[in-house]
Amino acid sequence: MSSSGRTVLGMNEQEIPDEVLARRAALQDRAAFGVLVDRHGPSLYRYARRMLDDPRDTEDCVQEAFAAAWTSLPHFEGRSTLRTWLFAITAHKVRSLQRRRARTALPLPFAPDDEVDRQAVDPERSAEGADLLAALHTALRELPDGPRSTWLLREVEGLSYAQIAEVAGSTEATVRGQLHRARAHLVRRMEEWR
Amino acid sequence: MNGAQRLAEATRTLREHTDTGWVALRDDVVALAARAYRPSAPVRGRLPGGGELWVASTVLVSLVRAALDGVDDVGTLRLTCSTTEDDELAGVTVEIVALYGTPLVALADRVRHIAADVVAATLGLVDAPVDRVHVDVSVGDVTTDPRLL
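Quick mapping for you: the protein sequence lines, in order, are chains A and Y.
Okay, so the first sequence: first residue is 1 according to our numbering, each after it adds one.
Okay, so the second sequence: first residue is 1 according to our numbering, each after it adds one.
With the rest of the complex left out, here is chain Y:
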């Protein structure tokens, strides 16, 4: 083999190589990254006994996204919470992608109710969740590929 051939062979070997250091590190990487701070606004909620609680908006986003994962034929593109100056929830906006052929009005209504129910339960707004939590649903895309949901 000449130099170019040796380099090609060594490069191929390196390309297929996984360092043992990575194998040992992988779990730590995931654990550390998941603990990394994401900026998050506090959202004021109500305790059943009359007190207050604050929930990070990232927690709210996580819970709503997890609930929407249970809905067939839809994926969540974006999910944002807005708050008032005194940290009351002003609204939730859910942008979704739907599988082509899905009835969009019914789907959007279902998404809106699921999101409202999760938000209401999380913040203690159990009496009139949909009225007190404004949820906008925007169908941002449709796709024929379920992997893209």
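Excised from the complex, chain A in its bound form:
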């Protein structure tokens, strides 16, 4: 953080656009980078957690993604949004970890429900909400990596088709197809729930 004058922490952090924070972080402003981590970290972790089958892999993935982002920020030219750029880095790390794991070990059980904070859910809806979330996690795990990633990026993280194609290194047509398949599967599995 800056030693004097205008600082990131001296402003309403939520009002500062991503591109300004990215520019400052590129110039070694760690406070600006911290704001970006707080703003995008929960989403990147949520995505990685549901793409990988293990909390340790998720931690490695997100840590490596942000370290790569810090190193590369001086070269970030803003051709995509910072959020898309961060998801592209994270998705790349996810694929690397999946390949590494495929060569070395069997998949571990997928249990992100362990991380559901039941206290944070509306008490009247907590039980059903947690159960629904558990059902969704089970159904998501049945999807291949591509459709699962596409569905998470579109429906949970709100990326556009073009942004998802950029993250995945594919085309919008592929994204549309994967999303259609993923939705059909998830609706069917949720229909069968209970």
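Keep in mind the hints are simulated off the structure, nothing from the lab.
A couple of the hints might just be wrong.
What the hints assert, rightly or not - Stretch-level coverage of chain A by chain Y, calculated; a stretch enters the list once three of its residues show a Cβ under 8 Å from a Cβ in chain Y:
1) 14–21
2) 33–40
3) 60–70
C-beta: ideal position from N, C-alpha, C; glycine also.
Fit chain Y to the known structure of chain A by using the hints.
Below, chain Y without anything else, positioned relative to chain A:
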């Protein structure tokens, strides 16, 4: 609820959900990332007793940027250092964005002196900082929005 409605409800819950794993990891992420290596050229400086020191250009950039953060109505867009073949500082280029209506010539001169002073102090060039450190200031943009500085 049918399947589509259940999926919509579960999706909404997931969208609003923050994994506890992230909460535990956040500080480590920031600490680890900030330690990650950024390529940086060494810049030769002078010690008061006559010796030499080398300062990473990223450190120089960080110090100049921090000093310029104290200037009202200006933001630093880009900041680069160039060096000679023997690692002497050849120049510093500062590209800024200024708040609309700010007198640009005076602002650029102030930025140039601040940057030169920081560089000179860091590298031990205390005798004639502005003469020995060439600083270019480029006003890359003006804005009416202080959040963009």
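Status of the hints after comparison with the structure:
Figure legend: the segment 14–21 of chain A, annotated as covered by chain Y; annotation consistent (4 residues with Cβ-Cβ distances under 8 Å, at least 3 required). Coverage of the segment 33–40 of chain A by chain Y holds in this model, with 4 residues showing a Cβ closer than 8 Å to a Cβ of that chain against a need of three. Coverage of the segment 60–70 of chain A by chain Y holds in this model, with 7 residues showing a Cβ closer than 8 Å to a Cβ of that chain against a need of three.
Hint violations for this structure: none, all hints satisfied.
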